[in-house]
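Convert by adding 6 to the 1-based position in the sequence shown; the result is the number in the numbering used here.
Just so you know, the hints here were simulated from the structure itself, not pulled from any lab data. Accuracy of the hints is not assured; some may be wrong.
Calculated cross-link-like contacts (lysine-lysine; reagent style DSS-like; alpha-carbon spacing at most 27 Å) [as the list claims (entries may be wrong)]: (1) 15 with 43; (2) 69 with 43; (3) 116 with 17; (4) 43 with 54; (5) 14 with 43; (6) 46 with 100.
Owing to the predicted nature of the structure, the values given are computational and were not obtained by experimental measurement.
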Amino acid sequence: MVQLVLGKKGKGKTRHLLAKVNEEILNVHGNIVYLDKNTKHMYELNNKIRLINVMEYNITDSKEFVGFINGIISQDHDIEQMYFDSFLTIGCVKEEDFETVVDKLEKISKRFNLSFFLSCALDESDISDSLREKVIISL
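Could you build all of it, start to finish, from the sequences and the hints given here?
Spelled out as structure tokens, the structure:
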């Protein structure tokens, strides 16, 4: 399952994502991974959550990002949830490729039985009708 947290820059998406991940760590039996563009939020995350600074890995396009996600999953079969803060930035996702990348993540989610939560600097009106059912927060 892929779920979206949408809103323009500065609307509080990260705050909602951090609250959700810290709440979920109390309920999951497996592991949670939080991907971000820096380590700024390291001390706001529960220490059981694995934080990855994606910018350290020289990812240059969305295909490389999806491969990176597959690599993380292949190394830890206990991952239940992955959180992507600033998804468009860390995933090198162009707005016109957004739906395609979300569809790829949905397929990965189903295959490996894990959930993705994506924070995106987009308005709900910027996405297709087919993706609106995935929106859990729109700011």
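Could you tell me which of the numbered hints above are not met by this structure, giving the numbers in increasing order?
-> 3
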